[in-house]
Structure formats: C-alpha cells, structure tokens
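This is what each chain is made of:
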Amino acid sequence: MRSRWSVVLAGGALLAALLIGTAAGAQANVPPPYAGMQNPFPWDDAAAQAAGKTIYQQNCLGCHGVTGNGIASADFSAKDYPGKLETTADLYFWIVSEGSMDTGMPSFKGTMSATQRWQVLTYIWTLGHAPTQPPPSGPPPGGALAINAVKEVAVGQPLVMSAVLLDTAGRPISGWSVTFATREDFFATALMTVGDALTDDQGIATFTYVPRRAGTTELVASYGPLQASTGTIVTEADVEFYQAEAGIRLPSGGPPVFIGPGSATESPVGHAPTSALRLPGGLFSWLWLFVLGLVLIYSVYFRVMYQVLRIPAAGRAVAHSPRLVPQAGLFLIVAMALLTILMILTGPYSHFHLVPY
Amino acid sequence: MARPGESYTQYYQRLESVVLRPLGHTTPQYRAFVFLLVLAIGWGLYAYLVQLRYGLLATGARDVVMYGYYIVNFVFFIGISYAGALVSAILRLTHAAWRSPITRISELIAVGGLTDGALQPIIDLGRPDRVLNIVVYGRFQSALLWDLIAITTYLAGSFIYLYLPLIPDFARLRDRMKPGAKGIRARLYTWLAVGWQNTLEQRHRLDRAIAIMAVAMIPLAVSVHTVVAFIFSMTLRPGWNSTIYGFYFVIGAVFSGTGMLLIIIAVIRRACHFEEYITEKHFRYLGYLFLTMLLLYLYLAFTEYLTPAYKVAGEDKSLLTLLWLGPNAPWFWTFVVGGLIVPGLLLIFSRRHTIGKVLLAAVLVVIGMWLKRFVIVVPTLEVPLMPLDFATYAPSWVEISIAVGTLGGFLIMITLAAKFMPLISLWEMEEHARTEKPGESPAAEAGQ
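Protein chains in written order, with our numbering: chain A, 108 to 464; chain B, 18 to 465.
The set of hints was computed from the structure by calculation and includes no laboratory data. These figures come from a predicted structure and were not determined experimentally. Warning: the hint list may mix true and false statements.
Claimed, not checked - Looking from chain B toward chain A, a few residues come up when the C-beta cut is under 7 Å (computed):
| hint | residue |
| --- | --- |
| 1 | Thr26 |
| 2 | Glu218 |
| 3 | Arg222 |
Said to hold, decoys possible - Derived list of chain B stretches under chain A, where covered just means 3 residues or more per stretch with a C-beta under 8 Å from a C-beta of chain A:
| hint | stretch |
| --- | --- |
| 4 | 224-234 |
| 5 | 318-324 |
| 6 | 346-355 |
| 7 | 423-430 |
Built from N, CA and C at the ideal position, the CB exists for glycine as well.
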C-alpha cells in the first residue's frame with residue numbers, strides 16, 4: 108500500500124512541477140517562428156521610424172496613446188523601454204504579431220506585413236527617447252489652426268487630413284496633439300473623433316482616415332478651444348468596400364410593402380421615425396408565417412373560452428346565468444390577438460442607408 | 018388513506034372538509050406569514066421608489082455590466098412558471114392519475130411565476146413608461162419584441178389553463194355559500210362558476226376545453242423559454258452566443274420549476290394538513306422527473322462548457338477564467354456541487370426518507386439554479402469586448418430589496434389564493450376515486 112501511495116505522490120509532484128514550469132515559461136520563452144528574430148532595421152533608422160509612426164497612429168494610438176503611455180503595463184515612454192526592445196526584440200515582435208489575450212492586445216500579423224511590424228517597433232523605440240513630453244507649463248496657447256484635405260475621395264480610400272498649428276506669435280507649435288473628427292449624422296448630429304496626431308517641426312499634424320460612407324463630410328481639427336473645419340465629398344467606390352445589408356436576400360414576392368405616413372420614410376434629426384405597416388419581402392412576406400402562428404394560438408384560446416361561454420346554456424334553466432367572465436375573456440383574447448399581430452406587422456422604417464431587401 | 022368501511026359519500030365529505038378547511042379557517046401562523054410577506058413587498062416597493070427617484074444609478078448595473086439581479090430574477094421566475102405547464106399539462110395528457118392533488122398548485126405556480134418574471138424587465142428600465150415604446154416602435158427583428166409576444170401569449174394561456182379546472186370547484190363554493198348571500202365573495206363565485214351544474218354536456222364541454230389547452234400549453238411553454246434564451250444567444254457575446262441555449266433554458270426551467278413545485282407542495286401539505294392526499298408517492302414520482310431533468314441539465318452544462326473550453330479562443334478564455342478561477346468561481350462551483358452533484362446523490366439514494374431527501378434536493382437545486390442564472394447573466398458581461406479592464410458587478414441594496422420583494426410577491430399570490438380557491442382540485446380527485454376498480458378503497462393508488 109505504502110509503495111502505491113508513494114508512486115501516486117511522485118506522479119502528482121511531477122505533474123505539478125510540469126504545470127508550474129509551463130505556466131512560468133509561457134511568457135518568457137518566445138515560440139519557434141519568432142524566437143531569436145532580430146530587427147532588420149537599425150533602431151535609429153529614420154525612414155523606418157517615420158513609416159512606423161504612421162502605422163502607430165492608425166493602429167496603436169487608440170489604446171497606447173500619443174506618447175505611448177496609454178497602457179501602464181506597456182509604457183513605451185518609460186526610459187528603460189528602448190533597452191528592453193533591443194535585448195528582447197523577438198518577444199515584442201511576437202506580441203505585436205500574435206497579440207496577448209490576457210491584456211487585450213490584438214494580433215496584427217493578419218493586417219500588417221512583417222516589415223510593417225518591425226517599423227512600428229522601431230518607432231516605439233523612439234518614444235522612450237523622446238524628451239519628457241508634456242513640459243511642466245502645459246500646452247502652449249494656440250493662435251491659429253487650419254485644416255487641409257483633398258476635396259474629393261472615394262469610399263475606402265485613405266483621406267489624408269493635415270492641420271497647421273501656430274502659436275499666438277505665428278510660430279509653429281511642434282510636438283503637440285491635434286484631434287481630428289468628422290461630423291456624423293445618425294439620428295442626431297455630432298462630432299466623431301477619428302484620431303489624434305502630433306505636430307511636427309513646421310507645426311503640421313497629419314492624420315489618415317478611411318471614410319466608409321459616401322456623402323458630404325465635414326472634417327474638423329481641434330486643439331484646445333481652437334477648431335478648424337473643411338468639407339470633403341466622399342464618392343461611391345466602384346468596388347463594394349463596406350456595405351451593411353439587412354440579412355440574406357430571400358426570394359421575395361415583389362417589392363416591400365410599406366403603408367404609412369410620409370413622415371415615416373424621413374429621418375428627422377433627433378427623432379425616431381414613426382411606425383408604419385411594413386411587409387418585408389412583398390405581399391408574400393415571411394412575416395405572414397408568424398402572424399399565422401399567432402392567429403392559430405389565439406383561435407385556440409377563443410375556442411376554449413367559447414366552450415366556457417356555452418356552459419351556462421348547457422345547464423338546467425336557472426334564473427340568472429352569469430356570462431360576464433367568459434365574455435370578458437373573449438373580448439380580451441380578441442384584443443390581445445389584434446394588438447400582438449399589429450405589433451408584428453408595424454414598426455419604424457429605419458436603416459435608410461441599408462440595401463433594401 | 019380511506020378508512021375501512023368508508024363509503025364514497027363519506028370519503029367525498031371528508032375530502033371536501035379537509036380541502037376547503039383553509040378557506041374558512043385562518044391560523045395565526047398564516048397571518049404572521051402574510052404579514053412577513055407584506056413587509057417584504059412593502060420594503061421592495063420602497064426600494065423601487067428610490068430607483069424611480071434616482072434612476073438606475075441606484076442599482077449596481079452600469080454601462081458595461083447592464084444586466085444584474087433583475088434579469089437574473091426574470092430568467093429564474095419565468096423558469097419557475099414552467100413547472101405549471103409541464104407537470105399539469107403533461108400529466109393530464111398522459112392520464113397519470115396521481116397528478117390530481119398537485120395540478121392546481123402547479124398551475125398557480127405557473128401564473129405566479131410568470132407574472133413575477135414578466136415584471137422584472139420593466140423594473141430593469143430606468144424609465145418604465147418607455148415599455149410602451151416596444152409596443153409602438155417594436156421592430157420584428159428585435160428579440161425583445163419576440164419575448165414580449167411570447168410572454169403575453171403564454172400568460173393569457175396560463176390564466177385560461179388555471180381557470181378551466183377551477184370552474185366546477187367555484188360552483189361548489191358557490192353552492193356552499195349561505196342561500197341568498199349577497200356578499201362580494203358570493204357574487205364572485207357565481208360569476209366565476211358560469212352557471213356550472215355538472216350536467217353531462219357541461220362536463221363534456223369542459224373536458225374538451227381542458228384537453229385542448231393541455232395540448233396547447235406545452236409548445237407555448239417551450240416557446241416562451243426558448244425566446245428568453247434567444248435574448249442572450251442572439252448576441253455576439255462569449256458564453257451566450259450558443260445554439261444549445263434554447264433547449265438548455267427549457268430544460269433548466271423544467272428542472273428549477275420542478276424544484277420549486279416540490280418545495281411548495283411540501284409546505285402546503287404541512288400547512289393545510291393535506292398529508293392524506295399529497296403522499297410520499299408524489300414526492301417519489303416527482304423525484305424521478307426531477308432526477309431525469311438533473312441528468313439532462315448536467316449533460317447540457319457539460320457540453321456548454323466543454324465546447325468553448327476545448328478551443329479556449331478569444332473571449333471564451335476570459336469568460337471561463339472568470340467562471341472557474343475568477344471572482345465568480347464561488348458561485349459557479351456552488352452551483353455545480355450544491356445544485357447538481359449533491360442533489361443528484363440525494364435523489365439517487367432516496368429510497369428511504371424519500372420526502373426529506375427529495376425536499377432537501379429541491380431546496381439545493383432552487384438555490385443552485387438561481388446562482389446558475391447569475392453565472393449565465395453577469396460574468397459574460399464582465400468580459401470586455403474592447404481592450405478595457407474587466408468590469409465588475411455587485412448588487413446594491415435596492416436590487417437586493419426588490420429581489421426579496423419579488424419573491425414575496427410570488428409567495429403571496431399563492432398564499433392568498435389559498436383563501437380564495439381550493440388548492441386541490443376537488444372534482445378531479447372525486448373523479449379519480451370513482452374510476453377506480455370496484456372493490457378497491459376510494460383512495461387507493463390509481464393508475465399504477
């Protein structure tokens with residue numbers, strides 16, 4: 108007996124040691140495709156840094172911030188970060204490529220080439236060298252802000268916006284963040300921030316944004332209380348870039364039926380559209396199947412309650428035969444059936460930008 | 018049991034006096050219980066007023082975890098209501114004679130649980146008046162609209178199904194009133210009995226109506242709980258976006274509903290002295306059903322977790338970590354051990370002390386299934402879909418008070434019903450006594 112227990116114990120200890128070893132080694136040991144990889148660019152390669160900066164602004168800035176200190180556990184602006192990058196470049200390349208589920212870091216190997224991933228790391232290397240960036244005095248007061256963008260761009264094509272930031276004396280302000288936004292109109296109009304960019308030595312901040320909806324769009328740059336805006340026309344692209352569609356196109360029995368006030372088809376700003384009678388898929392809409400199911404259920408209720416209504420008549424004659432309960436029941440059943448069916452058949456006509464089905 | 022040498026007439030008289038006794042006889046314990054329930058409901062109402070005044074900020078729900086106790090209770094009480102549909106409708110359809118003492122109670126649970134459950138999403142609205150928007154602006158594409166339709170349709174059906182077998186009993190109560198009584202009670206019984214005189218044709222019509230409703234109730238009940246599951250499974254969230262959810266919720270509902278039914282019949286049996294009619298046999302048979310549901314639920318829970326756990330991809334990994342090792346682990350493992358394994362063992366080894374063991378299993382399962390609903394609703398929402406920190410949820414005193422008030426509301430519906438209607442269907446009991454083979458005593462076990 109004793110020997111059997113010792114075998115079990117030894118086995119258990121071995122298993123535990125293995126598990127602990129795997130868990131501890133998981134982060135430190137970079138797996139094969141990545142292990143030992145080195146940055147093909149010198150860390151101070153200015154061209155790679157510039158290319159990396161653009162990629163950083165489009166993909167990383169949202170979480171990691173302009174100066175790289177957006178996430179405390181991965182603070183690129185820390186002084187020791189460039190050193191870590193240089194010694195364990197393969198670890199960081201692995202994290203950028205595969206992401207890290209524990210921290211919410213997404214994987215970028217599908218959206219960036221290996222070169223681009225190294226460029227981003229090369230740019231991140233500069234963030235630790237940057238002079239301590241917000242100076243103690245706070246952002247310098249802006250004097251003038253202007254925004255420039257192409258006048259016309261197709262859906263899905265990059266729209267480059269650049270803003271020029273000058274101080275009160277007319278000198279460029281460099282190294283400060285300008286916020287770019289577009290004016291979006293859903294049911295209410297509001298500015299939607301699309302990103303930030305730092306101004307360079309000439310006070311110019313450049314940001315690239317890919318518009319997804321056609322139409323006239325107002326682009327807005329802001330710095331503190333300063334705002335500048337310009338308009339651009341986003342045209343339809345030849346290829347379908349991104350088009351939301353309401354479900355699978357089922358074979359339909361004609362054009363969708365829509366009966367309602369004219370106001371139901373408009374999208375008044377700040378208000379939900381009114382309800383109207385709608386039959387998706389035409390007169391032979393699939394919606395009828397659900398209506399049929401409800402009619403069936405409520406006719407069963409009606410029939411049952413009708414049996415109750417007939418109970419007094421089936422009894423021996425009495426002075427008063429109260430039918431109040433079954434009568435009220437029948438009324439309620441009919442009312443509920445009508446209300447429920449109307450609820451299915453009517454609704455607001457919304458999602459105007461979707462392909463009608 | 019029927020006493021030796023007792024005639025049918027004597028048996029009926031004794032049955033009627035026992036079953037109708039709670040209607041005219043109020044014990045101090047009953048008063049104290051109702052007082053307690055009224056206190057709980059009053060406190061819950063006060064908490065709701067606080068919520069109306071300060072909005073949902075008074076709850077622990079926030080923008081990330083926006084479902085809390087209310088939605089947990091919504092799923093829980095809708096599940097409880099399932100006991101009525103299943104036990105009553107299925108047992109009626111299969112002509113299981115032992116059902117008659119428990120059908121009325123299960124139908125009451127169905128109506129009570131459903132009313133209570135349907136209230137929860139309205140409580141969960143910061144602006145309850147906006148519930149009308151779903152009627153006016155509801156779009157068929159929305160699972161919430163499906164839910165509203167399924168619940169109202171099923172609620173109407175449960176009321177009809179509760180009412181039909183009550184008609185002959187209401188007629189008896191009407192006939193037992195003093196001749197010429199004009200009180201509100203007498204008038205109500207007269208209206209509700211719809212001139213029932215137990216003629217052959219009336220009997221025929223009622224039997225037919227009950228048979229139709231029994232058939233209709235089963236698919237309706239299945240649809241309601243499936244649609245409740247759809248509210249979760251139609252979303253792209255870890256844990257919820259699962260194809261088994263419809264069936265899983267249906268089985269979970271029957272499982273927890275049977276547990277609640279067992280608890281309530283045990284309490285009523287004791288409080289109303291129905292020991293002669295609700296016997297160990299009922300606990301044994303319901304125990305079999307209970308165990309079957311437990312095993313089915315165990316199987317479904319296993320597949321529910323194995324499927325994501327085998328892949329541990331993306332958010333699923335975060336969810337499973339939260340459930341098994343994270344802050345929700347105590348609730349999860351209490352559900353697994355206390356709500357499935359221990360009750361399962363109790364039910365398997367329940368040959369001796371059946372009532373006690375089945376009852377203990379039922380209490381554990383009801384608690385475990387409440388926790389399971391919590392574990393379904395909350396941790397999924399705690400997993401961020403964007404690179405944010407994990408969210409947390411803790412109920413506020415307002416939510417706890419409203420939950421207690423809700424339970425009080427459910428119990429008071431059944432407690433007050435005991436003063437208004439016989440909790441055992443008298444006419445069905447008599448009918449089954451009559452259809453037994455000649456020579457057997459009227460109360461002998463029928464249908465075996």
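Structure-based check of each hint:
Among the interface hints, the one on B/Thr26 is violated; its C-beta lies about 22 Å from the nearest C-beta in chain A, farther than the 7 Å criterion. Hint status for B/Glu218: holds, given a least beta-carbon distance of 4 Å to chain A, under 7 Å. Annotation: B/Arg222 was flagged as interfacial toward chain A, and the flag holds, the nearest CB pair being 5 Å apart, inside 7 Å. Counting residues of the stretch 224-234 of chain B whose CB lies closer than 8 Å to any CB of chain A gives 5, which reaches the minimum of 3, so the coverage claim holds.
With 0 residues carrying a beta carbon less than 8 Å from a beta carbon of chain A, the stretch 318-324 of chain B misses the three-residue requirement, and the given coverage is violated. Coverage of the stretch 346-355 of chain B by chain A is violated in this model, with 0 residues showing a Cβ closer than 8 Å to a Cβ of that chain against a need of three. With 0 residues having a beta carbon nearer than 8 Å to a beta carbon of chain A, the stretch 423-430 of chain B misses the requirement of three or more and the stated coverage is violated.
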